[in-house]
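Protein chains: 2
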Amino acid sequence: MTGTMTSPTTSTPRASVREVGLRDGLQSIARTLPTPIKLQWLRAAHAAGLREVEVGSFVPPRLLPQLADTAELVREALALPGLTVSVLVPNLKGAERAIESGAHAMLLPLSASHAHSLANLRKAPDDVVREIGEIRRLRDASSSASGSRCLLEVGMSTAFGCTIQGGVEPEEVLRLLRAVLEAGAERVGLADTVGYADPRQVRELFERAFEVAGEFGEGRLACGHFHDTRGLGLANVFAAWEAGVRRFDACTGGIGGCPHAPGASGNVATEDVAYLLASMGVDTGLDFDALMALRTSVAGWLEGEPLHGHIWRAGLPKTMRTAPAREAA
Amino acid sequence: MTGTMTSPTTSTPRASVREVGLRDGLQSIARTLPTPIKLQWLRAAHAAGLREVEVGSFVPPRLLPQLADTAELVREALALPGLTVSVLVPNLKGAERAIESGAHAMLLPLSASHAHSLANLRKAPDDVVREIGEIRRLRDASSSASGSRCLLEVGMSTAFGCTIQGGVEPEEVLRLLRAVLEAGAERVGLADTVGYADPRQVRELFERAFEVAGEFGEGRLACGHFHDTRGLGLANVFAAWEAGVRRFDACTGGIGGCPHAPGASGNVATEDVAYLLASMGVDTGLDFDALMALRTSVAGWLEGEPLHGHIWRAGLPKTMRTAPAREAA
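Chains as they are written, first to last, in our numbering: chain A, 38 to 366; chain B, 38 to 366.
Mixed in with the good hints, there may be bad ones.
Remember, identical chains collapse to one label, so a pair may be satisfied in a single copy or spanning two.
Claimed, not checked - Only pairs whose alpha carbons sit at most 25 Å apart, straight line, appear in this in silico SDA-like list of lysine to any residue:
no. : residue 1 : residue 2
1   : Lys355    : Pro98
2   : Lys160    : Pro97
3   : Lys130    : Arg167
4   : Lys130    : Leu101
5   : Lys130    : Ser180
Treat the hints as calculated values from the structure; they're not laboratory data.
All values reported here derive from a predicted model rather than from experimental measurement.
So here's chain A without its partners, still in its complex pose (with noise of 0.2 Å):
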């Protein structure tokens, strides 16, 4: 990765970064940007390489005033060549704005932890299943009347642990990742979301997860969601890599935090992500100064608010320098 594309060939390995700042990372902030500053974040992160942005969540805005505006997001967002336009939703209703609003794909969170479910949804993980398959249902049936497909994803949090029953079962985890998989979710990720998860863990519990989806065909486990709280994100972000996931959430500067522990990290960062995953030799088509120059503006927006990650401040290595291959252009 540099300030050039580097040229891929058929064995280099690949893998993408979905940028989950807009809504994971705002969604934890109290202040509520402008819109037109989350659209100069969105422009930028397009521009840096950035081919998936999940730009908001249809949740009432009375839950989340600093999302109201995720439907003019959406609509900004499909005019950007090539990106992949993807919002959270959290029930029936939030999926038929999403179809309603053209977003290329919507992804439901159901919480493997039973406890955490409770307390968050008010419904148990299996209820969840349910409505999923309601919205499977609701989206078949707008895509044959629309013909665009919004494509459902569901994010199983508190894959790894929670921090109100602590320990999650990886059966349950597993017995969920089938259930919603027959009940119509065309994709699945795995979210450490209070950072809970080490690495040996999250090697295990991909590979099995990897063998279960397997049965529905190809493609089905196709995310790792990791908060760096404890700091394993990025450890985690490779032990998954080992055990085959090639989609990555992260946050630009890692913002979020922790409601349970001040000033601790949030999502792993994505320049931290990116940098990881260049200096594996993987390609993600990201402009590491592009990237950069995203975080400082970030800091910018942001302006007293804590970020995190390594890479900004100690630069890439000699062994990753741009200068010499612009030379040569």
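Based on these hints, arrange chain B on the given structure of chain A.
Chain B in isolation, oriented as in the chain A frame:
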């Protein structure tokens, strides 16, 4: 890892952490900590379960005044039960002093990067190999006289890259590994001195290095030393663990910084490495609460100096809390 020690079984994986904050950390910090403070650090580290501490370096005091009290620290450290007392030695003269001091082990750094070797030691790596042979002969002669043996370890600096020359060829690292073992090194570690390593590279190099070292007997390749300059420190520790490394260097609070990147992280933090290993179910004998208390002390002793790491701010996950064990006791 809890406030009380878990009961290890024969199948529990084990690893050890060598605290190098008193040497690798302090040598990068301008101020000189008074010896009584260092002794507090040493004793607190021992009380927290650390069973190997690199207490200083036998370099001329005019070069590293911060470490001028190494002989006294060795003396005091030798009184702590079960503690392996290590010192860094830059050359034969330093080795003489180490043997004289009664230290259990001495570590001689060798730069895998030719450019780094010339710049830092004014010797080529193969000159250092020859010196290792001389040190081994000196050590053997001293052992027969005194009956006690100062273990000779070599730390392969810049094994994963160098700020001066950039890339370091794995074949060169392996060539030097073989050479130092042939010259008489009893243990060798690979060090990512400048925070350039990525976990894929770490895993591959250690796997290859274990093959080479295995020709010389068991346990020869015995240490991973990682810097967190670019945020990959713990990912690299995990990758090294996967390759079979069971001993890791770390600094309390991740001190040490980076001369090339002001404010950047230094060594991986002892408490963060302890957390990573424990979260993977590895028995380290470390008391997390005591490590946290030590970090707080170090922050006070080095007031104004940036400390790093994540676990101090976030705390242990619910799945690893100590309270229930104490209530049951």
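Hint check:
1. Taking the closest pair of Cα atoms, lysine 355 and proline 98 never come within 25 Å of each other, the shortest separation being 47 Å inside a single copy and 32 Å across copies.
2. Taking CA atoms no more than 25 Å apart as the test, lysine 160 paired with proline 97 passes inside one copy only; the shortest distance there is 17 Å, against 68 Å between copies.
3. Within a single copy, lysine 130 and arginine 167 get their C-alpha atoms as close as 14 Å, which meets the 25 Å cut-off; across copies the closest is 74 Å, which misses it.
4. For the identical chains of this complex, lysine 130 and leucine 101 are intra-copy neighbours only, at 15 Å inside a copy versus 67 Å across copies, given an alpha-carbon limit of 25 Å.
5. Taking the closest pair of Cα atoms, lysine 130 and serine 180 come within 25 Å of each other only inside a single copy of the chain (17 Å); across copies the shortest separation is 79 Å, beyond that limit.
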